[in-house]
Amino acid sequence: MSAHSTAHDFKANASRAIADTQLTGNLKAVRQNFIDKRAKAVKGLPEFEALRESGKEIKDHTLAHLDLYLEYYAQKVEESGGHVHFAADAEEARKIALDICRKVGAKTVTKGKSMITEEVGLNAYLEANGVTPVETDLGEYIIQLRGETPSHIIAPAVHLNKHQIEGDFRRVHTHLDPARDLNEKVSLLTEARGVLRDRFLVADVGITGANFLVAETGTSIIVTNEGNGDLTQILPKVHIVMTSIEKMVPTLEDASQILRLLARSATGQEMSVYTTLSTGPRRMGDLDGPEEYHVILLDNGRSAMLGGEFQDMLRCIRCAACMNHCPVYHQIGGHAYGWIYPGPMGSVLSPSLIGVDEAGHLPNASTFCGRCEAVCPMKIPLPKMMRHWREREFERNLNPALQRWGLGFWAFFAKRPRLYALANRLAIKAMALIGRKKGSFKGLPGLGAWTKYRDFAVPEGETFQAKWKKARAGR
Amino acid sequence: MSESRATMLASIRRSLGVKGDERIRKAMVEDRLERAPKGVIPDRAQLDAAGKLALMLEKLEAAQASVARLASYADVPGAIAQYLRDNNLPASIRRGEDSRLDGLPWAETALEVSKGPSAGHDLSAVSHADLGVAETGTLVLASGADNPTTLNFLPDYHIVVLSAADVAGDLESLWPKLRRKHGKGAMPRTVNLITGPSRSGDIEQTILLGAHGPRSLHVLVVEG
Amino acid sequence: MALFATCLVDSLRPNVGFATAKLLEEAGCRVEVPRQTCCGQPAYNSGDRATAKTLALQMIEAFESYDYVVVPSGSCAGMIIKHYPALFAGDPNLAGRADRLAAKTFELVSFLVGVLGLKTVSARFEGQVTYHDSCSGLRELGIKDQPRTLLASVEGLELVEMKDADVCCGFGGTFAVKYGEISDKIVTEKCANVTTSAAKTLLAGDLGCLLNMAGKLSRQGSGIEVRHVAEVLAGMAEGPAIGRAAQDPALVEARS
Numbered sequence: 001m002s003a004h005s006t007a008h009d010f011k012a013n014a015s016r017a018i019a020d021t022q023l024t025g026n027l028k029a030v031r032q033n034f035i036d037k038r039a040k041a042v043k044g045l046p047e048f049e050a051l052r053e054s055g056k057e058i059k060d061h062t063l064a065h066l067d068l069y070l071e072y073y074a075q076k077v078e079e080s081g082g083h084v085h086f087a088a089d090a091e092e093a094r095k096i097a098l099d100i101c102r103k104v105g106a107k108t109v110t111k112g113k114s115m116i117t118e119e120v121g122l123n124a125y126l127e128a129n130g131v132t133p134v135e136t137d138l139g140e141y142i143i144q145l146r147g148e149t150p151s152h153i154i155a156p157a158v159h160l161n162k163h164q165i166e167g168d169f170r171r172v173h174t175h176l177d178p179a180r181d182l183n184e185k186v187s188l189l190t191e192a193r194g195v196l197r198d199r200f201l202v203a204d205v206g207i208t209g210a211n212f213l214v215a216e217t218g219t220s221i222i223v224t225n226e227g228n229g230d231l232t233q234i235l236p237k238v239h240i241v242m243t244s245i246e247k248m249v250p251t252l253e254d255a256s257q258i259l260r261l262l263a264r265s266a267t268g269q270e271m272s273v274y275t276t277l278s279t280g281p282r283r284m285g286d287l288d289g290p291e292e293y294h295v296i297l298l299d300n301g302r303s304a305m306l307g308g309e310f311q312d313m314l315r316c317i318r319c320a321a322c323m324n325h326c327p328v329y330h331q332i333g334g335h336a337y338g339w340i341y342p343g344p345m346g347s348v349l350s351p352s353l354i355g356v357d358e359a360g361h362l363p364n365a366s367t368f369c370g371r372c373e374a375v376c377p378m379k380i381p382l383p384k385m386m387r388h389w390r391e392r393e394f395e396r397n398l399n400p401a402l403q404r405w406g407l408g409f410w411a412f413f414a415k416r417p418r419l420y421a422l423a424n425r426l427a428i429k430a431m432a433l434i435g436r437k438k439g440s441f442k443g444l445p446g447l448g449a450w451t452k453y454r455d456f457a458v459p460e461g462e463t464f465q466a467k468w469k470k471a472r473a474g475r
Numbered sequence: 001m002s003e004s005r006a007t008m009l010a011s012i013r014r015s016l017g018v019k020g021d022e023r024i025r026k027a028m029v030e031d032r033l034e035r036a037p038k039g040v041i042p043d044r045a046q047l048d049a050a051g052k053l054a055l056m057l058e059k060l061e062a063a064q065a066s067v068a069r070l071a072s073y074a075d076v077p078g079a080i081a082q083y084l085r086d087n088n089l090p091a092s093i094r095r096g097e098d099s100r101l102d103g104l105p106w107a108e109t110a111l112e113v114s115k116g117p118s119a120g121h122d123l124s125a126v127s128h129a130d131l132g133v134a135e136t137g138t139l140v141l142a143s144g145a146d147n148p149t150t151l152n153f154l155p156d157y158h159i160v161v162l163s164a165a166d167v168a169g170d171l172e173s174l175w176p177k178l179r180r181k182h183g184k185g186a187m188p189r190t191v192n193l194i195t196g197p198s199r200s201g202d203i204e205q206t207i208l209l210g211a212h213g214p215r216s217l218h219v220l221v222v223e224g
Numbered sequence: 001m002a003l004f005a006t007c008l009v010d011s012l013r014p015n016v017g018f019a020t021a022k023l024l025e026e027a028g029c030r031v032e033v034p035r036q037t038c039c040g041q042p043a044y045n046s047g048d049r050a051t052a053k054t055l056a057l058q059m060i061e062a063f064e065s066y067d068y069v070v071v072p073s074g075s076c077a078g079m080i081i082k083h084y085p086a087l088f089a090g091d092p093n094l095a096g097r098a099d100r101l102a103a104k105t106f107e108l109v110s111f112l113v114g115v116l117g118l119k120t121v122s123a124r125f126e127g128q129v130t131y132h133d134s135c136s137g138l139r140e141l142g143i144k145d146q147p148r149t150l151l152a153s154v155e156g157l158e159l160v161e162m163k164d165a166d167v168c169c170g171f172g173g174t175f176a177v178k179y180g181e182i183s184d185k186i187v188t189e190k191c192a193n194v195t196t197s198a199a200k201t202l203l204a205g206d207l208g209c210l211l212n213m214a215g216k217l218s219r220q221g222s223g224i225e226v227r228h229v230a231e232v233l234a235g236m237a238e239g240p241a242i243g244r245a246a247q248d249p250a251l252v253e254a255r256s
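Residue numbers (my numbering), protein chains in the order written: chain D, 1 to 475; chain U, 1 to 224; chain L, 1 to 256.
For the record, the hints were derived by calculation from the structure and aren't laboratory data.
Below are the DSSO-like pairs computed for lysine-lysine, each with C-alpha atoms no more than 30 Å apart in a straight line: (1) L:Lys163 to D:Lys28; (2) D:Lys107 to D:Lys95; (3) L:Lys144 to D:Lys28; (4) D:Lys379 to L:Lys178; (5) D:Lys437 to L:Lys22; (6) D:Lys438 to L:Lys22; (7) D:Lys379 to L:Lys163; (8) L:Lys200 to D:Lys452; (9) D:Lys43 to U:Lys38; (10) D:Lys379 to U:Lys19; (11) D:Lys237 to D:Lys107; (12) L:Lys163 to D:Lys11; (13) L:Lys104 to D:Lys379; (14) L:Lys22 to D:Lys470; (15) D:Lys470 to L:Lys104; (16) D:Lys452 to D:Lys429; (17) D:Lys384 to L:Lys53; (18) L:Lys178 to D:Lys28; (19) U:Lys26 to U:Lys181; (20) L:Lys144 to D:Lys43; (21) D:Lys415 to L:Lys178.
Some chain D residues flagged as far from chain U (calculated, every beta-carbon gap over 12 Å): (22) Gly130; (23) Lys415; (24) Phe441; (25) Ala466.
No residue lacks a Cβ here, since even glycine has one placed at the ideal position from N, Cα and C.
Please model the entire structure based on the sequences and the hints provided.
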């Protein structure tokens, strides 16, 4: 079992989010920031489009040869003294991590930001087994204090404001002076830095994710701005990289190409502050660094996506540009999606990983405005793949009956042009007659879902085709 | 081979419709690993030495690092002492074994220099970068006794010495140099690409410096 | 050439069809309107590929004999241009026909500017207007400057850009009814941007988006008028705006 999902309750989740004015206010405050920063960074690199094509080509090639690159990668990790563990699903990944922790008698584990550990529900599992996980990315730390999941894949606490964060710090950091001033954002940052610095220094194991795995050298790469990922992996005795198989790239050159896309698309930086390449445990003569280096490679449904209509999704580098530009995400935030991955990328990925029965709403909750695909650095055709999910649902009869019936009723006429013309003329005339004194309907039988929120324009009274025929006959 | 490993590889091969022993696929993979094609390299970094240095300095400042330009290595200790004074910091510095920092006139300053990794008690540290990447103002530091990785992250003030001769244009220029030094396919335990001081945007997307790593990054560019 | 009016124009806003025909005829085209229903997009986007294919084939048969097919809608034109080839890819009998139809199908304004080379129209419209870039037209077909070029030539018209003109209005076809609450929030923001622009008229090139925005503005009691860009370009914007009652009952009589 992967992490808990409420994706099936998407509509109720979204309703709740929309009613939460604090949440929607917080979301609105940061929205433009993401968009403007990315636009500026993209504009500053004339080769950005060419790099998108290059990134796509690299990942397509890698995915088509993933078995071979994985074998090569694993061999290189082992040559450098590291260990590679293969995990078919979330449960296996969690168990491997716990086993490693137990072998070294770990009591606390520091964690760099990792969506894969969120996906497998690692924290709850470690805790239930007597190992305390400490999230060290500031955003992840904040949501851990709140018992929440990330609402965004690169900005986990983007749904919160500083007053909420201050409340959490006062509630949890009871060893500090209750009269301290936390009014400035920087005071919150400094407090978290102090609290977490102590945790870094005593942790037994550090767990990070990986943005890239480099087959050529058996290297894992993480990208952070805070430096927490680095303190997580260089201070404890053991460094565990929990990651998934599609993070693979062939060479360091290939990683460089995609790094140019990643930071610009994510935060609008040209390069994140810390890009860290890790290869095996500490070497002879090294004075610091972990004594053990483990990589846990998670599949959890990804290998089944290869070779099919969802393979393109495995190019995703988790930059979050899609959700940062999504009109639906803007209104409801990340938690409403109900599972780990929100926004357009989640709407394609989640049904693959937890099933379309559970996550069926997600690919439907899109206007297909295409902005996600337009900004995706890896040129993933997100709307097209959401449509593929809708096709799967339709084939399997998973849509609500009323919706199917409505579509079927419409299609019956649309497939019969003469009948359609007749029925449409009658319906239009009837509507025009009922609405002849007004321009718009405030409510209309059968269109309640529309007229609940907006008026419906009264038709002119005759169809274009009928009018055209009359007009041209008179010529 | 572990059972899980075999299962995963089999599942991948089933999806891709391959066996894994196809010669053409293996040849393509070997070729890519061998050739390591460069891809798209931004024009902006294709400059002469002076241009690269100028771009490096511009990008370092854009990344909110501070910079001092020095005529020679002999100026390094004095520049460090000056920086610590300017920031009202104790004249104490931690460094690794890097021979490029040996034999400098440390004794002409009041600096107290200690060697080794950091255990978290050092306010300031100095490291030597192997390379600068002008394209983004990125410093490249490799782990080892010369420049222990903990010095890059635990101190509040990180001072990095960079030789102007080591400023490369683009990121891709780094890898052949690493391969020459460590052997193809081999790497130091850690390679840190550092672009500015630590920061976080996790509170209302406001960028604040000094999240977990150094609050300040000061780069001494040695031009002689 | 053939005019594909789209089912929304056919049913709800024939004036857009006539405006389209007028623009094309004034540019020297001979326009016909073959019997038509729908391009199949609602079925396609609901996952019903079979119905989408049936309707696409019906469209191909009705329209393939013409030199050009012009559509006053970016999303319906996009359906034919971008998605028919995808629907029939690999089908030995139909792939070629779908590709050929796609190659000669154009959204109205991009046809006027891109194919016919029009830079001006002879029309008059008094006042400030703002233009919403409908998503499919913008991102599938690259329609951005063309309508602005032609609008600039309309006498008396001043185009004022709203904030986020290229952001979705929340329509999304069936999305607007399946996820009405979210759609409502998106269109509410859009309407706020329209209102802030101070324009008295909102234009766009897709009737779906226009009905959504007009419906919301009407519900808000806004005085802003909403029209299809073709109506203004053709000088046929004197009748009631979308969702507005005809003030003069005689006008209703005359129009039916």
